[in-house]
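Undergrad: Listed here are the chains, written in short residue letters.
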Amino acid sequence: MENKKGTAIVVTSGKGGVGKTTTSANLGTGLAMLGKSVVIVDADIGLRNLDVVMGLENRIVYDIVDVVEKTCRLKQGLIRDKRFEKLYLLPAAQTRDKSAVKPEQMIELVNELKDEFDYIIIDSPAGIEQGFQYSIAGADLAIIVTTPEISAVRDADRVIGILEAKGLHDHRLLINRIRPDMVKKGDMMNREDIEDILAIDLIGIVPDDEEIVISTNKGEPAVIEGRSLAGKAYMNIAKRILGEEIELLDIEDDNEGKISKIFKLIFGK
Amino acid sequence: MKNGTIAFKGVNDGVYLEIYGSDMDKIKEELKTKLAKSSGFFQGVNFLGVSGEDLSPEEMLEIHLILKYRYDFDIDLGDDLLDRLYMIYKSKRELESSVVKNSKEGMTKFLYGTLRSGQIVEYNGNIVVVGDVNPGAFLKATGNIIILGTLKGVAHAGFNGDNEAIVAAYNLIPNQLRIADIIVRAPDGDISEYKLPEVARVYDGEIIIEPYLPNK
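Here the protein sequences line up with chains R and Z, keeping their order. For the first sequence, the tail end lands on 360 under the working numbering, and the numbers increase by one without skipping. For the second sequence, the tail end lands on 221 under the working numbering, and the numbers increase by one without skipping.
One should not assume that every hint holds.
[Unchecked claim] DEER-style ranges, computed between Cβ atoms:
1. R:S190 to Z:D77: 39 to 45 Å
2. Z:G210 to R:D188: 33 to 39 Å
3. R:K95 to Z:Y175: 48 to 54 Å
4. Z:V189 to R:A290: 50 to 56 Å
5. R:D261 to Z:I125: 37 to 43 Å
6. Z:K37 to R:E240: 53 to 59 Å
7. Z:K31 to R:P194: 23 to 29 Å
8. Z:L70 to R:D231: 49 to 55 Å
9. Z:G136 to R:G334: 49 to 55 Å
10. Z:E58 to R:D188: 25 to 31 Å
11. R:N308 to Z:P219: 32 to 38 Å
These are computed hints drawn from the structure, not numbers from a lab. This structure is a prediction, so every number in the text was calculated from the model and none was measured. From the three backbone atoms N, C-alpha and C, an ideal C-beta is built for every residue, glycine too.
Excised from the complex, chain R in its bound form:
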C-alpha cells in the first residue's frame, strides 16, 4: 500500500446527545462522496451506535478492541460501506468497556490507518474520561460539536480547554440543531453568542431537521440524499474540510415553518 499519511479528525463535544455520531457518519460519508478514502472509527466502546447509524450493524465480526489486542488483523476489523467503495467503518466493541483501549494503542492504530486512508474520522464518546482521552490521542484536528444551549456550550468550552492542554490546537466549531425561528425570536442562542464564548473558528452550522431522525433510523446518513437542509449543511462542511471556501448555508429562509408562511399569507405579515 502506498503511504498516504491522511488526516485524523476527532469529533467530540463533552456533552452527550448533541450529534457527535450523526456528524461523524455524515462527514465521513460526505468526504467519501467527494472521492476521498475515509475510515470512520467508533471510539464509544460499550455503547456503540455508529454501525447502526451507517446501517452496517449486521456486518460486524471483529471490532476495535480485537484490532488493538491483535486478535485480528486491521483489515479484518474494517467494514466496507455498502454504498461507497472508499468508505470504511471500524466498529466499537459492545461487550467491553472504555478501559479496553489505551491512548498509546490508539495512536498506533491511527498511525496505521493514516497509511491507508485520506481521512480518519474518530467518533468520540461523551464525557472527558478514559474514552475521550484515547479518542483524541491520535488526532490532528478536532471538530467540537455543540448545540445552542448553555449547557452544551459550557461543556464544549471545557473540552476545548482540555484539547489545548493536551497540545491539540487545531480545532473547529460545529453548531448543531439550530432553529432559526427560535433564534429570531431571541429564544435561542445565535451563532454570534456561541462564537463569543468559545472563540474558535466555525466550520459550519447544521439546522435542526427531522430528516436526521428519519435517516438515522433508516441507517442512511442524510448527506447521501442531499435534499434535506441538514444533509446539505454536512456536505458543505465536508467540502470545507477539503479546503473549499463555501458560504454558510442560509438556513433562515428555507427553514421557516410552513405554518408561519400560511399565517403570513392570510394575515399579511
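Got chain R; can you put chain Z on it based on the hints?
TA: Using the frame of chain R, we list chain Z on its own:
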C-alpha cells in the same frame, strides 16, 4: 475469574497444591508470600503434587522445580517428569475435544428474561433463552441455541466446530447468525416476517433458515 491464585489443599494422605489461572508472575509471587508465612509447616507432610488446569507442561515443571529446590519440598522429579506432565496435558485436551457434539446431548444453560445489548453469554453446551435477545447481545454455545422469544442479536451455535448445531427462535430476525465457522448476516432492507418459529441449520456448507412446521 480467579487469576493466579494458589491454595494448598489437604486430603487424606497428604497435601497438594492447586493453581487457578495462568499468570506465572502472580503465581510465583503468591507462592513466595504463602510459603514465607508458613515456613516449616510443610515439613514432614506427604506432598502429593501440583494441579493446574490452565498451565502448560513447561510451566508446571517450573513450579515443581521451584518447590523442590527453593522450598525443599520432598518431590520425586525423576527423569521423565516433563513427559508425564505432557501426557496429563494431552489427555486433558483430548477429553475436552471429545465432547464436541454438544448439539446431540449435553449440558444446557437456561436464561430467563431479556438479554440486552452488550451482554454476552458463552456456554459449553446448549443455551435456552426464555425471553428475548436484543440487538447487541451475543450468545455463544458449543451446542444448540433455542430462544422462546425474539432473536435480534447475534447467536453462534456450535462455536467449537459442530456444524450440526442449530439456532431456533420463535421469531428469528437476528443481525447475524453463526453456526460452527459459517457467518451469515441479515439482508439489507426489510425482511418479510414469518408468523412461525424458524430453525437455522447448516445444509451443504451454507446456513439455511426454514419455518418450523409442527406436523412434519
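Undergrad: Give a verdict on every hint.
TA: To see whether the hints hold, each was checked on the structure:
1. R:S190 to Z:D77: 39 to 45 Å: The hint (39 to 45 Å, Cβ to Cβ) holds, given that S190 (chain R) and D77 (chain Z) are roughly 42 Å apart.
2. Z:G210 to R:D188: 33 to 39 Å: holds (37 Å)
3. R:K95 to Z:Y175: 48 to 54 Å: Holds - the Cβ-Cβ distance for K95 (chain R) and Y175 (chain Z), about 49 Å, lies within 48 to 54 Å.
4. Z:V189 to R:A290: 50 to 56 Å: Given a distance of about 52 Å, which is inside 50 to 56 Å, the answer is holds.
5. R:D261 to Z:I125: 37 to 43 Å: 39 Å Cβ-Cβ, so the 37 to 43 Å window holds.
6. Z:K37 to R:E240: 53 to 59 Å: holds (58 Å)
7. Z:K31 to R:P194: 23 to 29 Å: holds (26 Å)
8. Z:L70 to R:D231: 49 to 55 Å: Cβ of L70 (chain Z) to Cβ of D231 (chain R): about 53 Å, so the range 49 to 55 Å holds.
9. Z:G136 to R:G334: 49 to 55 Å: holds (53 Å)
10. Z:E58 to R:D188: 25 to 31 Å: For D188 (chain R) against E58 (chain Z), whose Cβ atoms are near 27 Å apart, the range 25 to 31 Å holds.
11. R:N308 to Z:P219: 32 to 38 Å: holds (36 Å)
Every hint from the earlier list agrees with this structure, and none is contradicted.
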